[in-house]
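S.K.: Listed here are the chains, written in short residue letters.
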Amino acid sequence: MNKKDINNIEKEMKLANEGLSEKERTLFSDARPTPVKPLNKYLEKFLNWARAESLWILAFGTGCGAIELRPLMTSRFDMFRYGIAPRPTPRQASVFVIGGYASIKTIKRIVRSYEQMQGPKFVIALGSCTINGGMYYDSYYTINRIDHYIPVDIYVAGCMPRPEALIAGFNKLKMQIKAGKCDGMNKYAENFDWYKENQKRVIKDWNMPDYNW
Amino acid sequence: MNITTKILYAIISVLVATAYGLTLGGIVRKIYARVHGRYGPPVWQPFIDILQTHGKRVSISHGYMFYLGPVFRLAGGLGTYLFIPVIFGSVVFSNFSMAGDLLLVMYFIFFGQLGMALGAGEGGHPYSPIGISRGLAQMSTFEVPFALSVIALAIQYNTLNITTIVAAQQGSILNWTLFTNPLAVVAAMISLLGMNMHSPFSIVLAPQEIPIGPPIEMNSSFLATLQTNRGLFGAAKLVLFMNLYFGGAAHPNIFIALAIMVVKTFLIYMFSVFVGAAFPRFRPEQSMRFFLKWPTIIGIASIILVAYF
Amino acid sequence: MEQILNRLKQKIEIKSVINKRADLYFITIKKEHIELVLSHLKQQENFTHLAFLQAVDYIEDDKFQLTYMLYNYDIKVNLGIKVFIDRDKSEMTSIHKLWPHAWQYQRELKELFGIDFPGSPRVDESFVLEGWEEIPPMRRDFDTLAYSVKTFYQRPGRTTNDPKRYMKEKLYKNFAKSPESGRNDE
Chain Z
1 MNKKDINNIE KEMKLANEGL SEKERTLFSD ARPTPVKPLN KYLEKFLNWA RAESLWILAF
61 GTGCGAIELR PLMTSRFDMF RYGIAPRPTP RQASVFVIGG YASIKTIKRI VRSYEQMQGP
121 KFVIALGSCT INGGMYYDSY YTINRIDHYI PVDIYVAGCM PRPEALIAGF NKLKMQIKAG
181 KCDGMNKYAE NFDWYKENQK RVIKDWNMPD YNW
Chain A
1 MNITTKILYA IISVLVATAY GLTLGGIVRK IYARVHGRYG PPVWQPFIDI LQTHGKRVSI
61 SHGYMFYLGP VFRLAGGLGT YLFIPVIFGS VVFSNFSMAG DLLLVMYFIF FGQLGMALGA
121 GEGGHPYSPI GISRGLAQMS TFEVPFALSV IALAIQYNTL NITTIVAAQQ GSILNWTLFT
181 NPLAVVAAMI SLLGMNMHSP FSIVLAPQEI PIGPPIEMNS SFLATLQTNR GLFGAAKLVL
241 FMNLYFGGAA HPNIFIALAI MVVKTFLIYM FSVFVGAAFP RFRPEQSMRF FLKWPTIIGI
301 ASIILVAYF
Chain E
1 MEQILNRLKQ KIEIKSVINK RADLYFITIK KEHIELVLSH LKQQENFTHL AFLQAVDYIE
61 DDKFQLTYML YNYDIKVNLG IKVFIDRDKS EMTSIHKLWP HAWQYQRELK ELFGIDFPGS
121 PRVDESFVLE GWEEIPPMRR DFDTLAYSVK TFYQRPGRTT NDPKRYMKEK LYKNFAKSPE
181 SGRNDE
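Protein chains in written order, with our numbering: chain Z, 1 to 213; chain A, 1 to 309; chain E, 1 to 186.
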């Protein structure tokens with residue numbers, strides 16, 4: 001490979017950040033997300049166990065389903081016994097619970113928050129709206145399938161699912177993580193262009209960086 | 001004793017203290033859960049949390065100071081711990097105790113927060129400077145009664161060496177500072193409430209308004225370092241208080257001495273947990289005024305009492 | 001209440017008065033009089049509270065109906081003031097000087113119905129729709145289903161049931177009469 005090709009590849013790996021003004025572009029990263037290889041088999045298995053036993057939810061209520069997360073913290077349902085805890089910032093959280101319908105205004109924030117989470121990151125999508133639009137299938141501002149915009153690991157069906165269903169979803173997620181099947185982070189990095197294209201198709205005023213590292 | 005064995009002993013001591021501090025955190029979470037009528041997380045949950053945060057595949061840094069922040073914090077915790085003799089008379093757990101170590105320890109208590117301030121400030125998130133300014137302000141105020149109380153001890157025992165202070169309290173329960181100088185203990189215990197950042201003084205972390213406070217931008221291993229330090233530093237503070245005010249832990253058998261240490265520090269910690277469970281949170285200016293008022297007066301009174309009566 | 005309306009009638013022409021309940025009245029007035037009526041009601045008759053400002057699209061008549069809902073805390077009466085404006089030239093006087101919070105309602109109406117309120121603060125900023133490019137979505141000539149199909153990805157296999165028929169079949173099958181047939185007296 002000659003130098004010109006390398007330069008071209010480097011250019012392709014950079015993001016344009018066209019949504020930002022010229023002055024702001026230098027403030028944000030222009031590097032694309034890259035897939036990260038798992039560690040060796042046994043170490044990864046051990047870490048997956050730790051990840052599954054300590055799920056930190058991002059405390060971002062994205063729709064009506066967020067109300068179902070509150071009872072989980074109470075004495076009746078007590079999510080803490082499964083090692084699930086809320087975390088106020090995306091930097092520290094590992095699970096993103098999409099609570100029900102996501103409007104375009106919200107999906108913009110969802111994408112930003114999801115990208116700011118540090119991988120491996122997992123997504124649980126609650127309710128029919130995230131699966132196929134649910135009762136908002138014909139709405140002008142509610143997206144129909146969340147998995148076209150961010151990778152989803154577990155769906156919890158219902159409108160709205162009860163907290164018990166949510167706990168069942170979390171336990172299912174734990175089993176999947178332990179089996180090493182939840183690789184949304186790498187999936188997102190590998191299909192980055194596809195996800196970005198879908199996102200930009202609905203988010204018309206793209207006034208944010210292309211990737212919020 | 002040569003330096004290699006000393007370092008080896010220090011490592012053992014640090015590991016035990018970290019594990020103890022983290023378990024203590026887990027136990028407290030369990031107790032809280034049981035009070036709420038919940039089952040609660042397992043006692044070893046803090047360990048899994050640390051593993052999980054360490055197990056993140058990527059991490060974001062915002063510059064050199066961002067790297068150094070958690071390092072400084074951990075150094076503060078290590079420094080505090082390593083100069084406190086954990087068990088009186090034990091070789092393994094005496095750490096690097098020496099003449100005048102009390103001043104060094106007090107310095108290290110402050111040092112971690114300062115380093116954290118520099119590191120978190122570089123994160124650029126607006127909430128971290130708010131948390132830091134609150135944290136540093138509160139720290140400078142609760143340091144006042146604590147320093148006064150330590151000065152009272154220094155006058156009382158004529159030394160700044162923790163080992164000597166512990167030695168002076170041996171023999172009978174009535175030799176404890178708790179009974180020989182109760183005012184100093186009251187002032188110090190109130191400042192311990194601020195140090196542990198439980199409820200009346202939990203404004204620094206303020207989970208509701210400024211989510212998590214200073215470490216808001218800390219992720220992956222940075223956060224794991226801070227969590228480790230929380231265990232270590234928490235244990236170090238409790239051991240320091242046990243040594244200064246509650247007679248330390250001394251027994252010819254090291255395991256019985258460790259058990260004494262565990263019981264005493266647990267009870268000291270429970271004090272701040274109970275207060276935290278019972279009282280709502282102060283606002284920053286309220287907590288500062290509080291620390292500069294009653295505990296400070298009590299601290300000055302304890303010095304006067306020791307020096308002139 | 002009669003006196004209030006009579007006093008109002010002396011000033012301007014009231015097209016219709018509907019008395020829904022003892023504490024709920026609707027009056028219809030001309031578009032030009034809105035500022036006069038509202039300031040009169042606020043200052044003289046003590047209707048100090050603007051509860052909401054909403055629009056209805058009467059596409060058949062080519063009109064928008066604006067409803068200003070006022071409340072009087074002394075006599076505890078709701079008074080709705082209806083105004084019809086042209087659908088094509090949808091423009092209305094801004095009332096943000098009477099009730100400062102009205103700017104938010106007006107901004108919402110501008111975005112969702114395309115009704116302009118010249119002079120209202122921040123009326124052109126987006127309210128909930130960010131970067132909307134079509135005609136305002138609450139206008140009835142906007143086809144939301146077509147837009148949804150065009151913009152969002154449909155998941156194949158989704159079925160929709162008519163709620164009324166579905167409920168009848170599933171829940172009330174064993175009843176001798178369905179709830180609908182029992183309501184003939186209405």
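It should be emphasised that the hints constitute simulated quantities derived from the structure, not laboratory data. Please read these numbers as outputs of a predicted model, since none were measured by experiment. Incorrect hints may appear among the rest.
Derived EDC-like pairs (lysine to aspartate or glutamate); straight-line CA-CA distance at most 16 Å [as the list claims (entries may be wrong)]:
id, chain 1, residue 1, chain 2, residue 2
1, Z, K105, E, E108
2, Z, K105, E, E45
3, Z, K187, Z, D138
4, Z, K204, Z, D78
5, Z, K14, Z, D147
6, E, K82, E, E35
7, A, K30, Z, D78
8, Z, K204, E, E125
9, E, K63, E, E35
10, Z, K204, E, E45
11, Z, K204, E, D141
12, E, K150, E, E134
13, E, K63, E, D141
14, Z, K105, E, E130
15, Z, K105, E, E35
16, Z, K200, E, E35
17, Z, K204, E, E35
18, Z, K105, E, E111
19, Z, K200, E, E45
20, E, K9, E, D62
21, Z, K200, Z, E164
S.K.: So, for every hint listed, does it hold in this structure?
M.R.: Right, here's what the structure says about each hint:
{"no.": "1", "hint": "K105/Z <-> E108/E", "result": "holds (15 Å)"}
{"no.": "2", "hint": "K105/Z <-> E45/E", "result": "violated (41 Å)"}
{"no.": "3", "hint": "K187/Z <-> D138/Z", "result": "violated (29 Å)"}
{"no.": "4", "hint": "K204/Z <-> D78/Z", "result": "violated (40 Å)"}
{"no.": "5", "hint": "K14/Z <-> D147/Z", "result": "violated (25 Å)"}
{"no.": "6", "hint": "K82/E <-> E35/E", "result": "holds (13 Å)"}
{"no.": "7", "hint": "K30/A <-> D78/Z", "result": "holds (12 Å)"}
{"no.": "8", "hint": "K204/Z <-> E125/E", "result": "holds (15 Å)"}
{"no.": "9", "hint": "K63/E <-> E35/E", "result": "violated (20 Å)"}
{"no.": "10", "hint": "K204/Z <-> E45/E", "result": "violated (47 Å)"}
{"no.": "11", "hint": "K204/Z <-> D141/E", "result": "violated (22 Å)"}
{"no.": "12", "hint": "K150/E <-> E134/E", "result": "holds (12 Å)"}
{"no.": "13", "hint": "K63/E <-> D141/E", "result": "holds (13 Å)"}
{"no.": "14", "hint": "K105/Z <-> E130/E", "result": "holds (6 Å)"}
{"no.": "15", "hint": "K105/Z <-> E35/E", "result": "violated (35 Å)"}
{"no.": "16", "hint": "K200/Z <-> E35/E", "result": "violated (43 Å)"}
{"no.": "17", "hint": "K204/Z <-> E35/E", "result": "violated (37 Å)"}
{"no.": "18", "hint": "K105/Z <-> E111/E", "result": "holds (14 Å)"}
{"no.": "19", "hint": "K200/Z <-> E45/E", "result": "violated (52 Å)"}
{"no.": "20", "hint": "K9/E <-> D62/E", "result": "violated (27 Å)"}
{"no.": "21", "hint": "K200/Z <-> E164/Z", "result": "violated (35 Å)"}
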